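Novice: Chain by chain, the residues:
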Amino acid sequence: MRRKWSLKRAGWLAAMAASLAVSLPAGARPAAPGCDRACLTGVVDAYLQAMVAHDPRRAPFARGAKFTENTSILPFSEGLWLTATAIDPYRILVLDPETAQAAYVGVVREHGREVLLAARIKAPGGRIAEVETVVARDLAMMKNLRTPRAPIMAPLAPGERVPRDRLIAAANAYFDGIEQSNGRIIPFDKDCNRLKNGLQTTNNPDLMAELAAARARQTGGSAPTPLPRVQASAPPRAPMPRDCEGQIDSGAMGFISKVTPRRGYVVDEVTGTVFGLFMFVHRGDATDIRLKDGSTMPSPFGGQPWNMQMAELFKTRRGRIWLVEAIGTPLPFGARTGWE
Amino acid sequence: MRSKWSLLAAALLACAGPAVPAAAQNAAPGCDQRCLTGIMETYLDALARRAPADAALAANVVATENEQPVAPGDGLWGTITGLGSYRHIVSDPTAGSVAAFFALKEQGTGALAMVRLQVADRRITEVETIVVRGEGTNRFLKSEYGPVKPVFERVLPVAQRLSRDELIRITDGYFEAIEQSRSAAAKFHKDCNRTENGIQTTNNPAFGMPGSNPNSSNTPGQGCAAQIDTGIFGYITEIKPRRYLLVDESRGLVFGVFMFRHEGRLTEVDVPGRGKVKMIREAMRPFNVTVSELFKIEDGQIREIEAVMAELPYRTRSPWKGTLR
Chain A
1 MRRKWSLKRA
11 GWLAAMAASL
21 AVSLPAGARP
31 AAPGCDRACL
41 TGVVDAYLQA
51 MVAHDPRRAP
61 FARGAKFTEN
71 TSILPFSEGL
81 WLTATAIDPY
91 RILVLDPETA
101 QAAYVGVVRE
111 HGREVLLAAR
121 IKAPGGRIAE
131 VETVVARDLA
141 MMKNLRTPRA
151 PIMAPLAPGE
161 RVPRDRLIAA
171 ANAYFDGIEQ
181 SNGRIIPFDK
191 DCNRLKNGLQ
201 TTNNPDLMAE
211 LAAARARQTG
221 GSAPTPLPRV
231 QASAPPRAPM
241 PRDCEGQIDS
251 GAMGFISKVT
261 PRRGYVVDEV
271 TGTVFGLFMF
281 VHRGDATDIR
291 LKDGSTMPSP
301 FGGQPWNMQM
311 AELFKTRRGR
321 IWLVEAIGTP
331 LPFGARTGWE
Chain F
1 MRSKWSLLAA
11 ALLACAGPAV
21 PAAAQNAAPG
31 CDQRCLTGIM
41 ETYLDALARR
51 APADAALAAN
61 VVATENEQPV
71 APGDGLWGTI
81 TGLGSYRHIV
91 SDPTAGSVAA
101 FFALKEQGTG
111 ALAMVRLQVA
121 DRRITEVETI
131 VVRGEGTNRF
141 LKSEYGPVKP
151 VFERVLPVAQ
161 RLSRDELIRI
171 TDGYFEAIEQ
181 SRSAAAKFHK
191 DCNRTENGIQ
201 TTNNPAFGMP
211 GSNPNSSNTP
221 GQGCAAQIDT
231 GIFGYITEIK
241 PRRYLLVDES
251 RGLVFGVFMF
261 RHEGRLTEVD
271 VPGRGKVKMI
281 REAMRPFNVT
291 VSELFKIEDG
301 QIREIEAVMA
311 ELPYRTRSPW
321 KGTLR
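Taken in sequence, the protein lines are chains A and F.
Going by our numbering, the first sequence opens with residue 1, and the numbers climb by one from there.
Going by our numbering, the second sequence opens with residue 1, and the numbers climb by one from there.
There could be a bad hint or two in this list.
[As the list claims (entries may be wrong)] Listed next, with one range per pair, are the computed distances between beta-carbon atoms:
1) 88(A) with 270(F): 52 to 58 Å
2) 240(F) with 140(A): 31 to 37 Å
3) 140(A) with 81(F): 26 to 32 Å
4) 81(F) with 158(A): 54 to 60 Å
5) 207(A) with 147(F): 41 to 47 Å
6) 41(F) with 203(A): 50 to 56 Å
7) 34(F) with 292(A): 53 to 59 Å
8) 142(A) with 108(F): 32 to 38 Å
9) 160(A) with 54(F): 58 to 64 Å
10) 151(A) with 180(F): 38 to 44 Å
11) 54(F) with 336(A): 47 to 53 Å
[To be verified] Below are the DSSO-like pairs computed for lysine-lysine, each with C-alpha atoms no more than 30 Å apart in a straight line:
12) 278(F) with 143(A)
13) 105(F) with 258(A)
14) 105(F) with 142(F)
15) 292(A) with 196(A)
[Stated by the list, open to error] Which stretches of chain F does chain A cover? Using the computed rule of at least three CB atoms under 8 Å from a CB of chain A, they are:
16) 65-71
17) 98-111
18) 256-267
19) 280-293
20) 312-320
The hints are simulated quantities; they were obtained by calculation from the structure and are not laboratory data.
Because the structure is a prediction, the values reported are computed rather than measured.
Heads up, the beta-carbon is just placed ideally off N, CA and C, and yes, glycines get one too.
Turn these sequences into a full structure, and let the hints steer you where they fit.
Specialist: As structure tokens, then:
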């Protein structure tokens, strides 16, 4: 028999208390009961082991812990807590003792099939109080999800580290740049690359074919459906830029109406990584995107309004965005985060 | 501007929750079925022209699309490029409600929608929309499936009409039957059929239904009751809330919106007479489906079912609270 873990009411209180704490300026924030890097790593391990064992008693939960999966509030007996069957080796950790938070990105099996799990876990004093997850199902491209890119978890040389505020500012500039189709305001490292649900979406000559394969694998969900091929009214004259900055700067992301809210930051100054949760809003009210060179391209999923909850991890060096790891799930237009 | 409105909408929805059930409001005095149908037609015409100002919206209107609060003029209002020809309108002057299933185009691509309007003083106070998108790529969608089946329009002789409560009670048996995988929990007419997103999913062997199984591909070939007894609906964990929103006693119609929850636990079902059948992968994950559904009740039995439904994230909570039951 499965025990019911309905901790909803206390969870709301915890969430309210947490949002109050976050709204205080950093300097005024009361120090969270400690959980250092080893403690946070242990918390993540215990959480994953308890999840795959379908037994919340094996993880150190605080009373009234709150859990969301893809923005829905769930008991610790549903979602992946019900369906997970194994934890794969692919795993990235972001450790933030200052806020007693860890972020995890990894591959988990659901009834044997691979899914990507991104989780923000808040554990003051080592007791898990908040778990916010994004689960990407129907993964099309597993070849990039066997081993994380080597530098992601490596500590930066002291000279390459920057304070947490600058890491958060870099992430914010990234989404400002997407909203404004302006790649030049984003601090990119020259070797920047992005993985989105395992797909390499920059500097990848096979991207269009891989995207088509990914779409073909989608099984319903709130995913928008690709429209029949529309001939752009003024096709691009030059090949589309493939690098992080050029792609955004070209205007090709003009189908993204806004990225808000941007929240749930987990910052690891040692490795130079910043993780957060970002709601992409696509109004879908244009079929064509006008690029900066005057050409147009068909808007991906144009004509359909939809949201996407993204969990994104930015590995930086010297404060510049180097490796991006994005995990996203489509949601109905107007969807909220579950943490309002 | 817009986000302020969304907050307002959320606040209104929160307040709208504990309101009096629609039946007790007698919300549309003097607005009969013809009047309600006219308000719906005006609304759909305004929607097709992306002109919310022409839709008779009340100042405090609350609107949702696929169970998310949206501002009037947002969502479908920004993407619709025209109406299709299929349209099925039902109305309930007692509740002040009118609902439509209708075909539409978004940038030329077919889609199917349900709109329910709550009307007071001939102004629209609630707009509930469900849109199913992607005709051509979404195999489980046919937006033009007309004409409306005549059985829905047939007016019952006065002596055969049932009370509103009785009609809802019979309809509710359908959801009990699905939850229990036991057709005997409902009363099915021998000629019962169900059309979902434009596709007949009973007595239709040609259609392999998502949610059924390649190994049980004859399931869509079975009738309303027999399908349930195979157990293949076992992946449906719970149907809750069941919001009954509109009744037409003269035709024996009940309409509502019902939240189907699928926790993704089952990997196989034991079909009587056939043995273990593996679940398809679409059913082996957590997801919800919001289902707007119209029932024709005849001779005290479920005679015909028409539904427009959209998949949603698992455990999506409907912001709506009202029900006639």
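Novice: Evaluate each hint against the coordinates.
Specialist: Hint check:
Between residue 88(A) and residue 270(F), the C-beta spacing of about 31 Å breaks the proposed range 52 to 58 Å. A hinted range of 31 to 37 Å holds for the C-beta pair residue 240(F) and residue 140(A), which are about 34 Å apart. The supplied range of 26 to 32 Å is met by residue 140(A) and residue 81(F), whose beta-carbon atoms lie about 30 Å from each other. Under the hint 54 to 60 Å, the C-beta atoms of residue 81(F) and residue 158(A), about 58 Å apart, fit the expected range.
Taken as a hint, the range 41 to 47 Å holds for the pair residue 207(A) and residue 147(F), whose Cβ atoms sit roughly 46 Å apart. Against the hinted window of 50 to 56 Å, the Cβ-Cβ separation of residue 41(F) and residue 203(A) comes to about 53 Å, which satisfies the hint. Checked against the hint of 53 to 59 Å, the C-beta distance between residue 34(F) and residue 292(A) comes to roughly 54 Å, which is consistent with it. Roughly 35 Å separates the CB atoms of residue 142(A) and residue 108(F), a value that falls within the hinted 32 to 38 Å.
In this structure, residue 160(A) and residue 54(F) meet the distance hint of 58 to 64 Å, their C-beta atoms being roughly 60 Å apart. Hint check: residue 151(A) to residue 180(F), Cβ distance near 55 Å, so the stated range 38 to 44 Å is violated. Under the hint 47 to 53 Å, the C-beta atoms of residue 54(F) and residue 336(A), about 30 Å apart, miss the expected range. Taking the CA atoms of residue 278(F) and residue 143(A), the gap is about 28 Å. The hint holds against a cut of 30 Å.
Between residue 105(F) and residue 258(A) the alpha-carbon distance is near 25 Å, which keeps this suggested pair within the 30 Å criterion. For the hint pairing residue 105(F) with residue 142(F), the CA-to-CA distance comes to about 12 Å; that is within 30 Å, so the pair holds. Pair hint residue 292(A) plus residue 196(A) holds up; C-alpha atoms about 24 Å apart against a cutoff of 30 Å. Coverage of a stretch by a chain is defined here by at least three residues with a beta carbon nearer than 8 Å to that chain's beta carbons; for the stretch 65-71 of chain F and chain A the count is 6, and the condition holds.
Figure legend: the stretch 98-111 of chain F, annotated as covered by chain A; annotation consistent (4 residues with Cβ-Cβ distances under 8 Å, at least 3 required). Closer than 8 Å: that is the beta-carbon criterion, and the stretch 256-267 of chain F has 4 residues meeting it against chain A, so the requirement of 3 holds. Interface restraint, the stretch 280-293 of chain F with chain A: holds (6 residues with C-beta to C-beta distance below 8 Å; minimum three). Counting residues of the stretch 312-320 of chain F whose beta carbon lies closer than 8 Å to any beta carbon of chain A gives 6, which meets the minimum of three for the stated coverage.
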